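> Top to bottom, those sequences are chains A and B.
Taking my numbering, I'd label the letters of the first sequence as residues 1 to 340.
Taking my numbering, I'd label the letters of the second sequence as residues 1 to 287.
Just so you know, the hints here were simulated from the structure itself, not pulled from any lab data.
Covered by chain A, according to a simulated footprint, are these stretches of chain B (three or more residues, beta-carbon under 8 Å):
id : stretch
1  : 98 to 112
2  : 197 to 211
3  : 237 to 244
4  : 247 to 258
Reference listing, derived: stretches of chain A covered by chain B, where coverage requires no fewer than 3 residues with Cβ under 8 Å from a Cβ of chain B:
id : stretch
5  : 195 to 204
6  : 207 to 216
7  : 232 to 241
8  : 252 to 263
Some chain A residues near chain B, calculated using beta-carbon distances under 8 Å:
id : residue
9  : Asn56
10 : Tyr65
11 : Glu66
Keep in mind it's a predicted model, so treat the numbers as computed, not measured.
Note that CB positions come from ideal geometry on N, CA and C, so glycine has one too.
Below, each chain spelled out in residue letters.
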Amino acid sequence: MSREGIRKLGRMRRILLALVAVGLMGCSSGGGKSIDSKGGSNEGFKVALLTPGPVNDSGWSAMAYEGLVAIRDELGAEISNQEARGTQIRDAMRSYAQRGFRLVIGHGFEYNEPGVELAMDFPDTVFVSSSGGKTSANAGAFRFYLEQGFYLAGAMAADLSKSGVLAMIGGPKVPSIESTFKAFEAGAKATRPSVRVITLFTGQDSDVAAAKRATLEAISQGADVVIHQANAAAQGVFEACREKGVLAIGSNANQNDNESGVVVGSAVIVAKPAFVELAREVKEGRYQGSIRLIGMEKGAIDFVLNPKLESRVPEAVKQKLAGLKEKILSGELIVPKDEF
Amino acid sequence: MDAWLAILMFATPISLAAIGETVGQRSGVLNIGLEGTMLAGAVCAAMVALWSGNAWLGLSAGIAAGAALSALTAFLCVSRPADQVVVGTGVNLLAMGLTGAWFRSLFGQSGKLFTVPTLPKIGGLDPIAWTVPFLALGAFVLLRRTHFGLALRASGESPKAVEASGRSVFQLRWVGLLVSGALGAAGGAHLALVVSSTFAENMTSGRGFVALAMVTFGRWNPLGAFAACLLIGYLESLQFSLQAAGGGLPQELLLALPYATSLLALALFGRGGRAPAALAIPYRRSG
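Model the full assembly from the supplied sequences, consistent with the hints where possible.
Here it is, written out as structure tokens:
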């Protein structure tokens, strides 16, 4: 090979390496820290939150961040939050524990195992993950039973649909999202066994265009009520529904007042009370490692109709929803959920 | 018909970026910062459209932001002989950080869903998407049939010869980078204003990198790059149809379909393609 050829080869390799590096950095973008305190000293009560994505996703991570802010406002805690995925999780947890944080919340099942492991090294820090199955004296999980909200949404969607086709649009295909989708389908099928439910994943939370495209595809296949688990990309779902004149259902946060005007109801997590309660237990030294299921009976999960679109929901359907809520609260109806 | 228009609409952001980047790479500069440039175009377009209520103003602001970023790149990589890969990486990180921070400062830490004004539609498609095929053709004619295009290509193949003929390599590469930046940002603006009618942090989701791959796939020919983008766009929509049909294939596999197919196509048909000889090599004037 000529010298020129070798030089070129070296250059190509350098470019490839740089591309890989950029790709990796892209994955961990926004991994920055933000510390926010209200008169907290070093000796104060410190609480940290780790999220799988940016906290401005208007969904899963945003809800946890709002819970964290409530901990600051109601308990006077010093708070800090950070994005952490994969190998970053252990490092982030360890560094918070070393800096004297009393409570480290990991918002996802993937934080459960690292938390339980690190809990042995840091007995003064409590590690809690949102869902997950392992515990120790100072580590555990709390799991929001969002499946209950999705079940009710499915029951209503099946009644509202004229075509008998519903759709669920998800970002990345992860167990927590799949579990809520199964509950939606169960609710829909219980109402109307013949209903068809289309499931589409875009693979990414930030890709609004892909969410819109997936929704348009589902609508072109006949779907006329669409629910999502697309977090920051949800606007793409709503826009597609608005363009094609079909109804949408919001999730995680109450998205009924979305500008698109197509959100007929939302399956909501009210995370603040659960977050504050958890932090209060840790602050008062009462926390015991456990796995808690937080659902409708604690007021943490709900399905809320949009008052502006209530005319689209027949009285009989409203009554049925109320009846189903009743049954869930009394324990007569147990909504299916996956363990992960 | 509707489905084909939708494919063109969804392929427009990547197509604009790939056509611009083809011109840029032909001049000898590799704009690794394309992803960041698209993102900057998207956020500026969305914010200005939101404030002014005018999508055209938003589009112009987005393009201006992209041109500014590529002017920065051009200053470092053309006027100064900085490494194009390093600078491009820096531009990406800068844009991701700045757009995220700006977005959070406007809409709060926990974000907000909102819509921005969009462009009018003519015959079922926005004006930008309609111009893309002509833009690809125009870039092709510019590169292949004009003296300026010849000089631009020469600056990517043999800059010394360009310099000897009395033209300035620096000038040609500045033009190449500005075209790449402006069109990349226009792609980002289209993604925000037309395709999504909103902005979300990191909403380009790797489209800039895909556009870079499409330049290679299209063999450094604007028409080829545009065709490659349409093919990817078609495969993406096919992927969602297959997912919806639920034929038993794993969804993870289907999500990778467009990229796996283009890799395969590149491996099978990419042999004739050859990168400009002086691509990514900083030009230094010698005595």
